[in-house]
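Engineer: As a plain string of letters, each chain reads:
Number of protein chains: 2
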Amino acid sequence: MHFEKQNRDGKITIIAHANGNRQPLPALWLRERAPTPDQLDGDTHQRLINPHQFDVDLHLTAAEITGDALYLEFSDAYQAAYPSALLASWIEPPARLPEKIQWRADSHINWRFSWPDVQTAAGHFAAVEQFLKHGLIILTDSPRRPGTIRQLAKRFGYIRDTNFGQIFDVRVKTAANDLAYKPIALGPHTDNPYREPTPGIQLLHCLRNDTSGGETTMVDSLACVARLQQLDPEGYQLLATVPVRFAFQDRDDSLEVDRPILATDARGQLLGLHYSPRLDWLPLIDEDRLKAYQRARKTLSALFVDPAYELRFRLNPGDCAMFDNNRILHGRTGYDDGEGRRHLQGCYIDRDGPESLYRRWRRDQQKL
Amino acid sequence: MHFEKQNRDGKITIIAHANGNRQPLPALWLRERAPTPDQLDGDTHQRLINPHQFDVDLHLTAAEITGDALYLEFSDAYQAAYPSALLASWIEPPARLPEKIQWRADSHINWRFSWPDVQTAAGHFAAVEQFLKHGLIILTDSPRRPGTIRQLAKRFGYIRDTNFGQIFDVRVKTAANDLAYKPIALGPHTDNPYREPTPGIQLLHCLRNDTSGGETTMVDSLACVARLQQLDPEGYQLLATVPVRFAFQDRDDSLEVDRPILATDARGQLLGLHYSPRLDWLPLIDEDRLKAYQRARKTLSALFVDPAYELRFRLNPGDCAMFDNNRILHGRTGYDDGEGRRHLQGCYIDRDGPESLYRRWRRDQQKL
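From first to last, the protein sequence lines are chains B and A.
For the first sequence, numbering that gives the first Met the number 0 begins at 0 and goes up steadily by one.
For the second sequence, numbering that gives the first Met the number 0 begins at 0 and goes up steadily by one.
Only chain B is shown next, with the shape it has when bound in the complex (with noise of 0.2 Å):
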């Protein structure tokens, strides 16, 4: 990356050339950036000043490029030297997260890593990315140990506590909450779509599976959902505005939130998805748009039980799958609790443990 200073009419702009690309870096950026300890705090990396505050026409008064560093002086009255590698890795950071890859049940991936071997720095990093890019991994050969899962946890982020407290068994339990409790096969869904937040990372540990069901389904939302947005773009839209009711009732909670299936943010871009049939309640809209409504989550509740894009495996005592709750729905088939038990525990982390794990590795590399 190398830095051009124009002069036009006056006006100083640095322009930032990288890979053939010509980036602008407009006075405001470059103030909010000041390097020196009276701007950035040294110890915390959190800004001394607040540039909210800073004129909306704050600008350049003078600029001089040299090779490692760009000395600039802004309306303000603020100077100082601005070293290159810092402005270079705010126009490309280094520790980006990896590409999120749309999977299929026939796409090649490896989804099992070893307990063992994820407690080394290596074997974390690797099972961290995979993570990051398909949503899912399996970790293999964990203790069976009643418990386990708090230590497989926190070796991705902070557990969550819910109503369903900081672990939760899951097996046939009368007076049973929820029906994940009951030996029913349940559909691809996502868990606690009716809590704000919901639960980001979900792990389930089976420590006994003496059934021949109780198979784990998983599905990729990303894959289905772009199929979706080909076959029924309108839908697609209602998916995403057209908020459910989903509600969770129990002794202690009631719980409700009003929410599109499909969540986006601002620009439109899909952020991820809440899905549970057993637990949304369609809203009193005009009967035709009900109707598109119901021909999409039709469409995308078919796609989720296609085999096409349904992955299927047992998880056996020591595996732990780990799964991010708002992009892969999971379910499983039914079993016969006459036949043997089954019995998971399970438990949430947030969402960015694994992310923030990603980026310390990247920058500590990039340290070396």
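Don't take every hint at face value.
The list makes no distinction among identical chains, and a pair is therefore deemed to hold if it is satisfied within one copy or across any two copies.
Claimed, not checked - BS3-like, lysine-lysine: derived pairs with alpha carbons at most 30 Å apart:
id	residue 1	residue 2
1	Lys172	Lys153
2	Lys366	Lys297
3	Lys172	Lys99
4	Lys99	Lys10
5	Lys366	Lys10
6	Lys4	Lys99
7	Lys181	Lys99
8	Lys153	Lys99
9	Lys297	Lys153
10	Lys10	Lys290
11	Lys10	Lys297
Source of the hints: derived by calculation from the structure; they are not laboratory data.
As the structure is a computational prediction, the values presented were derived from the model and not from experiment.
Once you've looked at the hints, dock chain A against the given chain B.
Structural biologist: Relative to chain B, chain A alone:
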């Protein structure tokens, strides 16, 4: 509320009448609310069928209305008696949350709730209701022992563990990893905008404050953002759509999120905000747009420190402020740590805890 059956050209429609409103109930909407035990699990109130798979053209084939029930028959052969009260509770839910009320410095609001009172059911409900309306309450007369905050927090929700720990000490620290741990003034901000999800609710419990400074400031962003929307509607749009980068770095963590300052849903409704001028970084966009953006955030930043909006008070030992971290901006004035000690403990809980308490209370009242 009463119900009417309409039959036009063989198409049967049920219409609900309430308070002069005429609300048609689409067949899909009704079918999804099937009340019989083969459709809805009695223990969990969760659905046993998947309504996403219903025919788009599902319709009523017969309907009969009596005093307290509607006998309905659908084109998929399902038939059942729907209690009128069940439908009414969907159309006019009894347990809506209280409206959020914008406040300013001169609003007459009872902020203070005595902790012994909050341990009674009625005192608890009063505190929860005020919190949901105004996004802020101050618990008073609580024990001054370190760790008390756990007890206070658990009365309202589940404690959220983060990189700062389950509970964190806010006092002067050497080798601080955050500016909060230096005795400097902190302008109005929300916590951890670089996390996904951000902490929903924050509690700050005062153990000791022997300094004359270190006053707490609180501002209602709803009031300020509404004002911004009047002053600069285009700027409001920019703040809701242009993502900035929020970042936090220390030895263990490297957290980053790109998101707009104003969080809106797919329909443009304001959900909350993420605001911390010491942690946010402008994106590289066209300079004219960047200037329009700067104008808007400068206006907003001036509103946030305008005494007309700012509540300023002293937290005394035993006081605990609890506030919605995505609605209320908090800050503090600087203090002289030579003059005396200031020691707060803080923690986060999820946003939906008080909402669930409120709904449960209303629901249980309904049943009495």
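Engineer: Compare the structure with each hint and give your call.
Structural biologist: So, going through the hints one by one against the coordinates:
no., hint, verdict
1, Lys172 / Lys153, "both (27 Å within a copy, 26 Å between copies)"
2, Lys366 / Lys297, "neither (51 Å within a copy, 36 Å between copies)"
3, Lys172 / Lys99, "neither (37 Å within a copy, 40 Å between copies)"
4, Lys99 / Lys10, "neither (41 Å within a copy, 48 Å between copies)"
5, Lys366 / Lys10, "neither (37 Å within a copy, 72 Å between copies)"
6, Lys4 / Lys99, "neither (37 Å within a copy, 51 Å between copies)"
7, Lys181 / Lys99, "neither (34 Å within a copy, 39 Å between copies)"
8, Lys153 / Lys99, "within (23 Å within a copy, 37 Å between copies)"
9, Lys297 / Lys153, "neither (38 Å within a copy, 41 Å between copies)"
10, Lys10 / Lys290, "between (58 Å within a copy, 15 Å between copies)"
11, Lys10 / Lys297, "between (58 Å within a copy, 23 Å between copies)"
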